[in-house]
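Chain by chain, the residues:
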Amino acid sequence: EAGVAQSPRYKIIEKRQSVAFWCNPISGHATLYWYQQILGQGPKLLIQFQNNGVVDDSQLPKDRFSAERLKGVDSTLKIQPAKLEDSAVYLCASSLGTGEGYTFGSGTRLTVV
Amino acid sequence: GENVEQHPSTLSVQEGDSAVIKCTYSDSASNYFPWYKQELGKRPQLIIDIRSNVGEKKDQRIAVTLNKTAKHFSLHITETQPEDSAVYFCAATTRTGRRALTFGSGTRLQVQP
Chain G
220 EAGVAQSPRY KIIEKRQSVA FWCNPISGHA TLYWYQQILG QGPKLLIQFQ NNGVVDDSQL
280 PKDRFSAERL KGVDSTLKIQ PAKLEDSAVY LCASSLGTGE GYTFGSGTRL TVV
Chain A
3 GENVEQHPST LSVQEGDSAV IKCTYSDSAS NYFPWYKQEL GKRPQLIIDI RSNVGEKKDQ
63 RIAVTLNKTA KHFSLHITET QPEDSAVYFC AATTRTGRRA LTFGSGTRLQ VQP
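Those sequence lines, one after another, are chains G and A.
220 is the number of the first residue of the first sequence in my numbering; add one for each residue after it.
3 is the number of the first residue of the second sequence in my numbering; add one for each residue after it.
Chain G with its partners taken away, still in its complex shape (with noise of 0.2 Å):
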């Protein structure tokens, strides 16, 4: 089965810019994930979405971070204005159901300067 797809691979943005991130789940995953992950951390989750709805949204930072998933399927999650902090990797994931069978995606690397 084809895997979660994500894009850009790689974004360097100057601070206070906006970003945006794609991501396509796996066909028929109804959860889907946007994690953080700092060098040398792990993931943190920042948003999930069962189909279109959120299920958890308590670590986004909603001042500057947002996501959608308009129509259950692909996602996107934007951030504006991007700060310093905002450096990492962006992983997306979806799965089945939830917890269980996650697949990431290959992520975003975002250099904010």
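For the record, the hints were derived by calculation from the structure and aren't laboratory data.
Do not rely on the hints blindly, as some may be mistaken.
Claimed, not checked - Just a few of them, taken from the derived set where beta-carbon distance is under 10 Å, the chain A residues facing chain G: (1) His9; (2) Tyr38; (3) Asn55.
Claimed, not checked - Computed list of lysine-lysine pairs in DSS-like fashion (alpha-carbon distance at most 25 Å, straight line): (4) A/Lys60 - A/Lys73; (5) G/Lys263 - A/Lys39; (6) A/Lys70 - G/Lys302; (7) A/Lys70 - G/Lys281; (8) G/Lys234 - G/Lys290; (9) G/Lys281 - G/Lys263; (10) A/Lys60 - A/Lys24; (11) G/Lys302 - G/Lys234; (12) A/Lys24 - A/Lys73; (13) A/Lys44 - G/Lys263; (14) A/Lys59 - A/Lys70; (15) G/Lys281 - G/Lys302; (16) A/Lys70 - G/Lys290; (17) A/Lys59 - A/Lys24; (18) A/Lys39 - A/Lys60; (19) A/Lys59 - A/Lys73; (20) G/Lys230 - G/Lys281; (21) A/Lys44 - G/Lys230; (22) G/Lys230 - G/Lys302; (23) A/Lys44 - G/Lys297; (24) G/Lys263 - G/Lys234.
Note that CB positions come from ideal geometry on N, CA and C, so glycine has one too.
With chain G's structure known, arrange chain A on it following the hints.
Chain A alone, transformed into the frame defined by chain G:
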């Protein structure tokens, strides 16, 4: 919410030796514990998982043990090989709930040839 602590942060072993990585979790409702391997610049890949109804699971050179009373679980790698060098993450969640995986901070394993 769930909190997962992982130790050690770095581990160096000689080829052929065993490696053990330990994790503790805080939420007694957690009942699913996967382990992921992440090679440099790559996505996390599931290597083994355990559910709370078993105390140990083995897959060739990899084994995971779970102590629900003490709320800790461990990854054991025997006969280590240079290709085992990577960062390993433990994680925890509840299978029946809608909660996403909470990850540990990672262990960088270096196998010296």
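Now for the hints, and whether the structure bears them out:
| no. | hint | result |
| --- | --- | --- |
| 1 | His9 | violated, 13 Å |
| 2 | Tyr38 | holds, 8 Å |
| 3 | Asn55 | violated, 14 Å |
| 4 | A/Lys60 - A/Lys73 | holds, 19 Å |
| 5 | G/Lys263 - A/Lys39 | holds, 16 Å |
| 6 | A/Lys70 - G/Lys302 | violated, 40 Å |
| 7 | A/Lys70 - G/Lys281 | violated, 35 Å |
| 8 | G/Lys234 - G/Lys290 | violated, 31 Å |
| 9 | G/Lys281 - G/Lys263 | holds, 15 Å |
| 10 | A/Lys60 - A/Lys24 | holds, 16 Å |
| 11 | G/Lys302 - G/Lys234 | holds, 5 Å |
| 12 | A/Lys24 - A/Lys73 | holds, 11 Å |
| 13 | A/Lys44 - G/Lys263 | holds, 17 Å |
| 14 | A/Lys59 - A/Lys70 | holds, 14 Å |
| 15 | G/Lys281 - G/Lys302 | holds, 14 Å |
| 16 | A/Lys70 - G/Lys290 | violated, 40 Å |
| 17 | A/Lys59 - A/Lys24 | holds, 15 Å |
| 18 | A/Lys39 - A/Lys60 | holds, 16 Å |
| 19 | A/Lys59 - A/Lys73 | holds, 16 Å |
| 20 | G/Lys230 - G/Lys281 | holds, 21 Å |
| 21 | A/Lys44 - G/Lys230 | holds, 16 Å |
| 22 | G/Lys230 - G/Lys302 | holds, 14 Å |
| 23 | A/Lys44 - G/Lys297 | holds, 22 Å |
| 24 | G/Lys263 - G/Lys234 | holds, 22 Å |
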